[in-house]
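Chains as they are written, first to last, in my numbering: chain B, 1 to 110; chain Z, 111 to 227.
No lab work stands behind these hints, which were simulated from the structure alone.
Hints may be right or wrong, so weigh each one.
Straight-line alpha carbon distances no greater than 16 angstroms define the calculated EDC-like cross-link-like pairs of lysine to aspartate or glutamate that follow [what the hints assert, rightly or not]:
no., chain 1, residue 1, chain 2, residue 2
1, B, 41, Z, 118
2, Z, 159, Z, 174
3, B, 41, Z, 198
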Amino acid sequence: GAVVSQHPSRVICKSGTSVKIECRSLDFQATTMFWYRQFPKQSLMLMATSNEGSKATYEQGVEKDKFLINHASLTLSTLTVTSAHPEDSSFYICSVRGPFFGQGTRLTVV
Amino acid sequence: AQSVTQPDIHITVSEGASLELRCNYSYGATPYLFWYVQSPGQGLQLLLKYFSGDTLVQGIKGFEAEFKRSQSSFNLRKPSVHWSDAAEYFCAVGGVNYGGSQGNLIFGKGTKLSVKP
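Okay, chain Z solo, but in the shape it has when bound (with noise of 0.2 angstroms):
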């Protein structure tokens, strides 16, 4: 069955700090994979994604991730923690089965991060 699995539920960083959130997926086909952000009572904010080509995407707010098909990883990186960045990341997977970049996601559980000053 396809699935997302975010490993870590809350990590905490220091403001500055580099930072990687993990991300493992099991999906059947080529994946669409992306990373949100939501802060608390708030939407989904998209970050990046990555549907083919270069398996470093660069995303909004200094974020980054590597696809890694070997290992079935999709880990967003940032180099240095901002304390605004505070917030729920989560991972998700689409693909061609499931209406490709349409929207029908299958979510991981969420990491939240939490940044010490």
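Only chain B is shown next, with the shape it has when bound in the complex (with noise of 0.2 angstroms):
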């Protein structure tokens, strides 16, 4: 299957900074990723289709101005959460088509 890389995998940020997440497509070109966040012991919720070189689409109740989304390149989709909040904390994890994950990425603001 593809191989995805997300970075980084744990991070600590405090309130009120912005955290940027990338998500690599490391052995085929990805024209479209897909984010998701997890809420503790919950499922996943897909929260924005990221598209090459085009905006992201995001889904009903996802605030595109803070949950910022780049996809500059066929291999590189990156998420950043602007302004953290402690509500903010999740784990954040990145898909490409077949789907597959990356390793996803644990956010805590204090």
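Both chains come to you apart, so use the hints to assemble them.
Below you can see the structure in the form of structure tokens.
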């Protein structure tokens, strides 16, 4: 299956700062990537669809100004959590066609 | 609305015993069905998937799943569980209305599997 690399695996940031999470498709060109969020002991919920060279498509209820997505190349999509707050603490995970998932990023906002 | 139900939140089985994890889905068209496994703090590993054809699907790590359209089910099975199988298991559905195999999936809430020695 596809190899998806996500970085960082864990990050702790202060409230009010921004955090960038990278999702790389290592062995094929991904025109589309997906970003999910997983709350503790919960399932995964799709946040947005990242489209190479165009704007991301956000799911209902997801703040596009808080969760900035950039898909600048066929192998890289980034999710930036802006002005992070403790309620943004969660497990964020990306996927590519397959679908295959990255290792996930545990974000803790203190 | 499309949905996935995993009725069992937590299952405990003895090592060497057989396992069946239940999954029911609601989807208006032919579904693409998936089972993933997640260890604590880790990403998701694809165990198996069903798109079409033979309704009994073989996956990795000795897992298999059977698609039963009449029951809207896609239960995961393993004949003999190993201690290393302890993890969270997620069933998911996708389909042509959700980008096919692109990756836009609806997940169940997961079933936590514990294995007794």
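Evaluation of the provided hints:
{"no.": "1", "hint": "B:41 x Z:118", "verdict": "14 angstroms, holds"}
{"no.": "2", "hint": "Z:159 x Z:174", "verdict": "10 angstroms, holds"}
{"no.": "3", "hint": "B:41 x Z:198", "verdict": "9 angstroms, holds"}
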